[in-house]
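Those protein sequences? They're chains A and B, same order as listed.
This note's numbering puts the first sequence at residues 1 to 428.
This note's numbering puts the second sequence at residues 1 to 164.
Since the hints were made in silico from the structure, they are not lab data.
Possibly wrong hints are sitting among the right ones.
[Unchecked claim] According to the in silico footprint, chain B covers these stretches of chain A (three or more CB under 8 Å from chain B):
{"hint": "1", "region": "172-181"}
{"hint": "2", "region": "351-361"}
[Stated by the list, open to error] Below, computed lysine to any residue pairings styled on SDA-like, alpha-carbon distance capped at 20 Å:
{"hint": "3", "chain 1": "A", "residue 1": "K215", "chain 2": "B", "residue 2": "V20"}
{"hint": "4", "chain 1": "A", "residue 1": "K215", "chain 2": "B", "residue 2": "L76"}
{"hint": "5", "chain 1": "B", "residue 1": "K123", "chain 2": "A", "residue 2": "G330"}
{"hint": "6", "chain 1": "B", "residue 1": "K123", "chain 2": "A", "residue 2": "K215"}
{"hint": "7", "chain 1": "A", "residue 1": "K215", "chain 2": "B", "residue 2": "E10"}
{"hint": "8", "chain 1": "B", "residue 1": "K123", "chain 2": "A", "residue 2": "E17"}
{"hint": "9", "chain 1": "A", "residue 1": "K232", "chain 2": "B", "residue 2": "G80"}
{"hint": "10", "chain 1": "A", "residue 1": "K215", "chain 2": "B", "residue 2": "G80"}
[What the hints assert, rightly or not] To be clear about the criterion: a stretch of chain B counts as covered by chain A if any three or more of its residues have a C-beta under 8 Å from a C-beta of chain A, and this derived list gives those stretches:
{"hint": "11", "region": "16-29"}
{"hint": "12", "region": "60-72"}
{"hint": "13", "region": "141-149"}
{"hint": "14", "region": "152-160"}
Even for Gly, the Cβ is constructed at its ideal location relative to N, Cα and C.
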Amino acid sequence: MTVVDGQEVGYSSLVEEGRVHSAVFTDESIFEAELERIFYTYWVYLAHESEVPEPGDYCTKSIGRHSVVVARGTDGVVRAFFNRCRHRGTTVCRYERGNAEFFRCPYHGWTYSNRGTLIGVPFPSRYGPEFDKQNLGLVEVARLDHYRGFYFASLAGDGPSLVEHLGRTAEYIDMFLQASPMEQVELRAGAAKSNFHGNWKFVGMDGYHVNFTHKTVQDLQTRRTGNAESRKNNSDRAPNLTVDLGGGHCRLDLSLTDRVEIGKATSSLIGEIPDTEAGHRYLALMVERWGSEAEAYERIRGSRDVHVHVWPNLQLIGSEVRVIRPTSSGYTEVFGYPAMLAGVPDEINERRLRGYEWFNGVAGFGTPDDREIFERNQVGLQSDKEPWLVLSRGLTQAEVRDDGVVIGNITDEVTQRSQLRQWAKAMR
Amino acid sequence: MSAVSTPVGELRAQVTAFLVHEADLIDQHRYDDWLQLWAPDGIYWVPCNEDDYDPRRHVSIIYDDYARLQERCFRLNSEGAHSQDPPSRLCRIVGNEQVSGDDDGDVRVRANMILVEVRAGEKNVYGARLQYTLRPAGDSFRIRQKKVVLLDNDEPLGNLTFLL
Numbered sequence: 001m002t003v004v005d006g007q008e009v010g011y012s013s014l015v016e017e018g019r020v021h022s023a024v025f026t027d028e029s030i031f032e033a034e035l036e037r038i039f040y041t042y043w044v045y046l047a048h049e050s051e052v053p054e055p056g057d058y059c060t061k062s063i064g065r066h067s068v069v070v071a072r073g074t075d076g077v078v079r080a081f082f083n084r085c086r087h088r089g090t091t092v093c094r095y096e097r098g099n100a101e102f103f104r105c106p107y108h109g110w111t112y113s114n115r116g117t118l119i120g121v122p123f124p125s126r127y128g129p130e131f132d133k134q135n136l137g138l139v140e141v142a143r144l145d146h147y148r149g150f151y152f153a154s155l156a157g158d159g160p161s162l163v164e165h166l167g168r169t170a171e172y173i174d175m176f177l178q179a180s181p182m183e184q185v186e187l188r189a190g191a192a193k194s195n196f197h198g199n200w201k202f203v204g205m206d207g208y209h210v211n212f213t214h215k216t217v218q219d220l221q222t223r224r225t226g227n228a229e230s231r232k233n234n235s236d237r238a239p240n241l242t243v244d245l246g247g248g249h250c251r252l253d254l255s256l257t258d259r260v261e262i263g264k265a266t267s268s269l270i271g272e273i274p275d276t277e278a279g280h281r282y283l284a285l286m287v288e289r290w291g292s293e294a295e296a297y298e299r300i301r302g303s304r305d306v307h308v309h310v311w312p313n314l315q316l317i318g319s320e321v322r323v324i325r326p327t328s329s330g331y332t333e334v335f336g337y338p339a340m341l342a343g344v345p346d347e348i349n350e351r352r353l354r355g356y357e358w359f360n361g362v363a364g365f366g367t368p369d370d371r372e373i374f375e376r377n378q379v380g381l382q383s384d385k386e387p388w389l390v391l392s393r394g395l396t397q398a399e400v401r402d403d404g405v406v407i408g409n410i411t412d413e414v415t416q417r418s419q420l421r422q423w424a425k426a427m428r
Numbered sequence: 001m002s003a004v005s006t007p008v009g010e011l012r013a014q015v016t017a018f019l020v021h022e023a024d025l026i027d028q029h030r031y032d033d034w035l036q037l038w039a040p041d042g043i044y045w046v047p048c049n050e051d052d053y054d055p056r057r058h059v060s061i062i063y064d065d066y067a068r069l070q071e072r073c074f075r076l077n078s079e080g081a082h083s084q085d086p087p088s089r090l091c092r093i094v095g096n097e098q099v100s101g102d103d104d105g106d107v108r109v110r111a112n113m114i115l116v117e118v119r120a121g122e123k124n125v126y127g128a129r130l131q132y133t134l135r136p137a138g139d140s141f142r143i144r145q146k147k148v149v150l151l152d153n154d155e156p157l158g159n160l161t162f163l164l
């Protein structure tokens, strides 16, 4: 419950068909409820299998306020457990990545295997006979599952399966992988870690902001290509789309103005195939995998055009696996993992990295301006004399397909409505 | 001290003067003048996650060749770079220089930097170890590589769109 116009109302009444109340982004009690009702209930993205390829490999991640260790045990099984010693609660793992046979708590030396079982308690004679190490292993998340190497966790014991949760987004995860002739990506290139003083839900999908927030990117594209074509892709006359996939999942469809060709510069630098020996070798590998040059180009285009939000905390955008880490109503961290393609020449991945840094990098030319806007949003929203925000763009023109997918023009607010409708459902 | 008048002492003084000049240009947002300090094969590198991650295999905060440096400065000079509108107020101290020669005539410099940045009501302090490869050019240098190793390069970072 929160107070609107002096009335106690449920959170879900803060979202209407064409507008949203700004308390959704600023109210700290709402944030606390979001942790419980969204992040500790729904499936949330956790890690990728390539971060723990070998037995003993581990990485530490977060689910809301929980620090979570994702570890591949000596038995080869990937598990996720809370980073908290069962004795006094000390974190048992201090590092973000590594390889370990066991995790030893530095406080009193309690020691857990990389499968999470408690294997050592110093001076055990002072505990009574009912003390049972078997019941004091690291606590695992209620459910852990993966889709094609993308591991998700749910802290709720019951509920929809991961595949049910992913719904139509699975298709875009598939497409994301298809720029690799092995249909695999590897998150081994590190992470671009950033933060901003703003609400986590600002990290959404918006096709309307591009020509304004990213004016300098458009200017740089014009400087490279000598034309202003890219501006036209983000207007009310462009064929590109905003798409509501259901369940809060949504995407931008930028494919209708994109073509791939070897040696052809792109405006985004993502998925360029250089006219070099490595570029031709990559194309040959893709032709071998997908059957024809046209198919190979289509897979590369499809992958680089993936622009999907897997609600609530994962986005796949071009070459990026982007993870949203909510911290408070007004502070968010975002970890961006450039996805390296398995089975391609090194030069292709090196170009992917440089393309990633160009727009998405911590000090890149695109994303930092988004974060600046998010921070200005958070400041502006504090002024809530008129608290309702407009979300009606394209509302009456939106097309509902037979399968329930909703489609609008690239500048429409289909995507925001998709996410906030799901938010209201989860927060009921 | 006699060492001051030796060629090594002169080189050190030249390097110090160059670093002070570079710091001054950056702090004053004189992007075009700063670009003039660079060699056309220059690399401006700000690693993340690990100080010596191979940039061919790992993402960096910045890994600019000269063409991208030009883009960076073009962007900062243009209208609409919201994250630098208004620009950060910058003040840095570069010191503890250690200067050494190189077989190919370049000069290697290690130094430390403390940078204070103020913008939008927030003050940030950055500490970094700097590594330069400088090519002598007349009575000055051209930068062939500048590597900025931020102490917090494995932490979530905020607005880093000013020059480091």
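Do the hints match the structure? See the list:
1. 172-181: Contact hint for the region 172-181 of chain A vs chain B: violated, 0 residues under 8 Å.
2. 351-361: holds (count 6)
3. A:K215 / B:V20: violated (33 Å)
4. A:K215 / B:L76: Since the Cα atoms of K215 of chain A and L76 of chain B sit roughly 12 Å apart, the hinted pair holds (cutoff 20 Å).
5. B:K123 / A:G330: Status holds; Cα separation ~18 Å.
6. B:K123 / A:K215: violated (27 Å)
7. A:K215 / B:E10: Roughly 46 Å between the alpha carbons, so the hint for K215 of chain A and E10 of chain B is violated.
8. B:K123 / A:E17: Measuring from Cα to Cα gives roughly 40 Å; hence the hint is violated.
9. A:K232 / B:G80: Since the Cα atoms of K232 of chain A and G80 of chain B sit roughly 18 Å apart, the hinted pair holds (cutoff 20 Å).
10. A:K215 / B:G80: This hinted pair holds, its Cα atoms lying about 6 Å apart.
11. 16-29: violated (count 0)
12. 60-72: holds (count 7)
13. 141-149: With 0 residues closer than 8 Å to chain A, the region 141-149 of chain B misses the three-residue bar; violated.
14. 152-160: holds (count 7)
Checked against the numbered hints above, the structure violates hints 1, 3, 6, 7, 8, 11 and 13; every other hint is satisfied.
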